[in-house]
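The whole structure should be built from the sequences, with the hints applied where relevant.
Number of protein chains: 2
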Amino acid sequence: MPIKAIAFDAYGTLLDVYSVGALAEEFFPGKGATIAAMWRDKQIEYTRLRTMCDRYADFWQVTGDGLDYACEFHKVVLTVDQRAALMGAYETLTAFDENHAQMTRLKAAGVPMAILSNGTRAMIDSALQAAGLEDLLDHVLSVDTVGKFKTAPEAYQMGSDAFGCDASEILFVSSNCWDICGATWFGYHTIWLNRAGLPIERLGVEPMARAASLHDVADYALASFSG
Amino acid sequence: MPIKAIAFDAYGTLLDVYSVGALAEEFFPGKGATIAAMWRDKQIEYTRLRTMCDRYADFWQVTGDGLDYACEFHKVVLTVDQRAALMGAYETLTAFDENHAQMTRLKAAGVPMAILSNGTRAMIDSALQAAGLEDLLDHVLSVDTVGKFKTAPEAYQMGSDAFGCDASEILFVSSNCWDICGATWFGYHTIWLNRAGLPIERLGVEPMARAASLHDVADYALASFSG
Chain A
1 MPIKAIAFDA YGTLLDVYSV GALAEEFFPG KGATIAAMWR DKQIEYTRLR TMCDRYADFW
61 QVTGDGLDYA CEFHKVVLTV DQRAALMGAY ETLTAFDENH AQMTRLKAAG VPMAILSNGT
121 RAMIDSALQA AGLEDLLDHV LSVDTVGKFK TAPEAYQMGS DAFGCDASEI LFVSSNCWDI
181 CGATWFGYHT IWLNRAGLPI ERLGVEPMAR AASLHDVADY ALASFSG
Chain R
228 MPIKAIAFDA YGTLLDVYSV GALAEEFFPG KGATIAAMWR DKQIEYTRLR TMCDRYADFW
288 QVTGDGLDYA CEFHKVVLTV DQRAALMGAY ETLTAFDENH AQMTRLKAAG VPMAILSNGT
348 RAMIDSALQA AGLEDLLDHV LSVDTVGKFK TAPEAYQMGS DAFGCDASEI LFVSSNCWDI
408 CGATWFGYHT IWLNRAGLPI ERLGVEPMAR AASLHDVADY ALASFSG
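These protein sequence lines are chains A and R, in that order. Going letter by letter, the first sequence gives residues 1 to 227 in the working numbering. Going letter by letter, the second sequence gives residues 228 to 454 in the working numbering.
Just so you know, the hints here were simulated from the structure itself, not pulled from any lab data. A couple of the hints might just be wrong.
As a list, the in silico SDA-like pairs of lysine to any residue whose alpha-carbon atoms are at most 20 angstroms apart [as the list claims (entries may be wrong)]:
no. : chain 1 : residue 1 : chain 2 : residue 2
1   : R       : 258       : A       : 34
2   : R       : 231       : R       : 334
3   : A       : 31        : R       : 414
4   : R       : 334       : R       : 424
5   : A       : 75        : R       : 449
6   : A       : 75        : R       : 422
7   : A       : 107       : A       : 199
8   : A       : 75        : A       : 34
9   : R       : 302       : A       : 137
10  : R       : 302       : A       : 2
11  : R       : 231       : R       : 449
12  : R       : 302       : A       : 196
13  : A       : 31        : A       : 4
14  : A       : 107       : A       : 2
15  : A       : 31        : R       : 261
16  : A       : 31        : A       : 21
17  : A       : 75        : R       : 424
18  : A       : 75        : R       : 246
19  : A       : 75        : R       : 302
20  : A       : 75        : R       : 427
21  : R       : 302       : A       : 130
22  : R       : 302       : A       : 202
23  : R       : 334       : R       : 258
24  : A       : 4         : A       : 137
25  : A       : 75        : R       : 429
26  : R       : 302       : A       : 215
27  : R       : 302       : A       : 219
28  : A       : 75        : R       : 425
29  : A       : 107       : A       : 134
30  : R       : 302       : A       : 199
31  : A       : 4         : A       : 107
32  : R       : 334       : R       : 362
33  : A       : 107       : A       : 75
34  : A       : 31        : R       : 425
35  : R       : 258       : A       : 194
36  : R       : 258       : A       : 134
Quick look at the structure:
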C-alpha cells in the first residue's frame, strides 16, 4: 500500500540515547556504559508501569528517575552538578550522522514528516534543534498531550490525527523493536530500523519491512510514496 | 490499619525464578546466568507490552517467547529437548526454604491467604504442588481470568474480589518492587520482600513496609491481623 507520510520515533531512532554514556564514563570510570544502559532500561520500564497504572509523569521526570535508580544500583554517588550535566546531555543527544541528508532527501520529495515521541515537547525541541532537524518536520508530537506513553494506542493515535489519514498510510520508523511491534499492532505501515542488529522481539507480530540505516528507510519510503 | 488477609505474588516471591539458571548453565556453559536473567526480563517486558496494547497471550506463551529471545540474543542454539526441559523447570521452580514454615504459621493463626500471579492456573498449580504449598492457600488467582497482566488494575482487583474486602485490608506481598508499586497505587497494604537488597524503584510511591525474609513478613502480618 502506498504511504502518504512518515512518523519517526526520536530516542534511539534519530537520537543516539547511548551517547550520554561517554559523559557517564567520565563521571564513573569503568561503569559509564552499564549505568547508561540501565538508565535507558529503567526510563522505558517506568513509562510502561506508569501507563499501565494510569500514573503518568512526563518523560523528563521518568528520565531523571531512571538515572537516579541506575546510580544507586551501581553504588555511585551522583552529585547535583553531575545529575544536571547528564540530564542536560539528554536534551542535546547526538543525532546519527546520516539523519540530516536522508531527511532532506525525503523533504525534497515532498514527504510529510513527523516525530512521534515519548519525550516532552521541550526535550524533543531542544534535541532536534541541537541536531539541526527541526525545520524538516511538519509535526512534532509528544505523548505528553495524551498522558500515556507508547505503546498505548492513544499515543499512536496522535500520528493518524496529525496527518489526517489512516495509520496504514503512514510509514512508522523506529529502531526500538518494541515500538515497532506496538505501532504494527496499532495499524501503521512499519519499518524497523535495526541499527544494533538485534533479534526481533517475540511478540507474535512482524514489521512490514526492516532496514539497517536511515538511507534504507528513505529508499523504502520514496519507493512507496504517493504524495 | 488491621489486615484481614494476605495476597502473595508467586514468581520471585515464593518461587525462585533464577533457579532455572543452573539448568541453563548446564546447557550453555558460561552463559546460564545471563540467559536466565534476560529470559526473566523479556518475560516481564512482554507481559507489559501485551497488556498496554490489549494483546494478551498467557504467561506460558510469554515465558517461552522470552526464552527464545534470550537464546537468540546470546547466539546459542536451543534444541527442542532443551526448550522442553527449561520450560519444564519453570513449572517446578524451587521454592524458598522458609516458605512452608512461615505460611504454616500464618495458616495456624487463621490468616486467609491467596496467590495473585501473572502465571496461568496450570503453571501456578504445578509449581505450588512441587513446593508443597497448595494446601495452605484459600485462593489461587491467575490474571489469565482477566486477560491483563500486573500491574493493570484489573489484575489487582482479583484479590479484593476473592476476599470480599477492600484492598487496603489485604497485605500484598511481593519481592518484585514494580509489583509492590503497582499494588500500592491500586490501594493494597503492601510489604516489599526485598530478597535481593535492591534499590527501590523510582516511581514516586513507597510500600507501607519492607522485609528481608518471609519470616519478617509473617511477623508483620500476625501483628496486624484482625481475623
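Taking the hints in turn, this is what the structure says about them:
Among the hinted pairs, residue 258 of chain R with residue 34 of chain A is consistent with the structure: their alpha-carbon atoms are about 18 angstroms apart, no more than 20 angstroms. In summary, the hint linking residue 231 of chain R to residue 334 of chain R is supported, as the alpha carbons are separated by about 13 angstroms, within the 20 angstroms threshold. Simply put, residue 31 of chain A and residue 414 of chain R have alpha-carbon atoms about 38 angstroms apart, too far for the 20 angstroms limit, and the pair is violated. Restraint check for residue 334 of chain R and residue 424 of chain R: the C-alpha separation of about 27 angstroms exceeds 20 angstroms, so the hint is violated.
Simply put, residue 75 of chain A and residue 449 of chain R have alpha-carbon atoms about 35 angstroms apart, too far for the 20 angstroms limit, and the pair is violated. For a cut-off of 20 angstroms, the pair hint linking residue 75 of chain A to residue 422 of chain R stands: about 18 angstroms separates their Cα positions. Annotation: proposed proximity of residue 107 of chain A to residue 199 of chain A is violated, straight-line Cα distance about 31 angstroms (limit 20 angstroms). A C-alpha spacing of about 12 angstroms is found between residue 75 of chain A and residue 34 of chain A, which places the hinted pair at or below 20 angstroms, so the restraint holds.
The hinted pair formed by residue 302 of chain R and residue 137 of chain A fails the criterion: a straight-line CA distance of about 39 angstroms is larger than 20 angstroms. Proposed proximity of residue 302 of chain R and residue 2 of chain A is contradicted: the alpha carbons are some 37 angstroms apart, above 20 angstroms. With a C-alpha separation of about 10 angstroms, the suggested pair residue 231 of chain R and residue 449 of chain R falls inside the 20 angstroms cut-off, and the hint holds. Distance hint between residue 302 of chain R and residue 196 of chain A is fulfilled; the C-alpha atoms sit about 15 angstroms from each other, no more than 20 angstroms.
The hinted pair formed by residue 31 of chain A and residue 4 of chain A fails the criterion: a straight-line CA distance of about 44 angstroms is larger than 20 angstroms. As the CA atoms of residue 107 of chain A and residue 2 of chain A are separated by approximately 17 angstroms, the hinted pair is consistent with the 20 angstroms bound. Proposed proximity of residue 31 of chain A and residue 261 of chain R is supported: the alpha carbons are some 18 angstroms apart, at most 20 angstroms. At most 20 angstroms may separate the alpha-carbon atoms for a hinted pair to count; residue 31 of chain A and residue 21 of chain A meet this at roughly 9 angstroms.
For a cut-off of 20 angstroms, the pair hint linking residue 75 of chain A to residue 424 of chain R stands: about 12 angstroms separates their Cα positions. Between residue 75 of chain A and residue 246 of chain R, the direct Cα distance comes to roughly 26 angstroms. Violation of the 20 angstroms bound is thereby established for this hinted pair. Our distance criterion of 20 angstroms between C-alpha atoms is broken by residue 75 of chain A and residue 302 of chain R, whose separation comes to about 31 angstroms. Among the hinted pairs, residue 75 of chain A with residue 427 of chain R is consistent with the structure: their alpha-carbon atoms are about 13 angstroms apart, no more than 20 angstroms.
As the CA atoms of residue 302 of chain R and residue 130 of chain A are separated by approximately 38 angstroms, the hinted pair breaks the 20 angstroms bound. A distance of roughly 15 angstroms separates the Cα atoms of residue 302 of chain R and residue 202 of chain A; the hinted pair therefore holds under the 20 angstroms criterion. Between residue 334 of chain R and residue 258 of chain R the alpha-carbon distance is near 41 angstroms, which puts this suggested pair outside the 20 angstroms criterion. Proposed proximity of residue 4 of chain A and residue 137 of chain A is supported: the alpha carbons are some 14 angstroms apart, at most 20 angstroms.
For the suggested pair residue 75 of chain A and residue 429 of chain R, the alpha carbons sit about 15 angstroms apart, so the restraint of at most 20 angstroms is met. Distance check on the hinted pair: residue 302 of chain R and residue 215 of chain A sit about 28 angstroms apart at the alpha-carbon level, beyond 20 angstroms; violated. The suggested pairing of residue 302 of chain R with residue 219 of chain A is violated, with an alpha-carbon distance near 31 angstroms, which exceeds 20 angstroms. Restraint check for residue 75 of chain A and residue 425 of chain R: satisfied, since their Cα atoms lie roughly 11 angstroms apart, inside the 20 angstroms limit.
Between residue 107 of chain A and residue 134 of chain A the alpha-carbon distance is near 12 angstroms, which keeps this suggested pair within the 20 angstroms criterion. Taken as a hint, the residue 302 of chain R and residue 199 of chain A pair is honoured in the structure, with Cα atoms around 10 angstroms apart against an allowance of 20 angstroms. For the proposed pair residue 4 of chain A and residue 107 of chain A, the alpha carbon gap of about 13 angstroms is at most 20 angstroms, so the pair holds. In summary, the hint linking residue 334 of chain R to residue 362 of chain R is supported, as the alpha carbons are separated by about 10 angstroms, within the 20 angstroms threshold.
At most 20 angstroms may separate the alpha-carbon atoms for a hinted pair to count; residue 107 of chain A and residue 75 of chain A exceed this at roughly 47 angstroms. For the proposed pair residue 31 of chain A and residue 425 of chain R, the alpha carbon gap of about 18 angstroms is at most 20 angstroms, so the pair holds. The suggested pairing of residue 258 of chain R with residue 194 of chain A is violated, with an alpha-carbon distance near 24 angstroms, which exceeds 20 angstroms. Our distance criterion of 20 angstroms between C-alpha atoms is broken by residue 258 of chain R and residue 134 of chain A, whose separation comes to about 44 angstroms.
Going down the numbered hints, you'll see the structure goes against 3, 4, 5, 7, 9, 10, 13, 18, 19, 21, 23, 26, 27, 33, 35 and 36, while the others check out.
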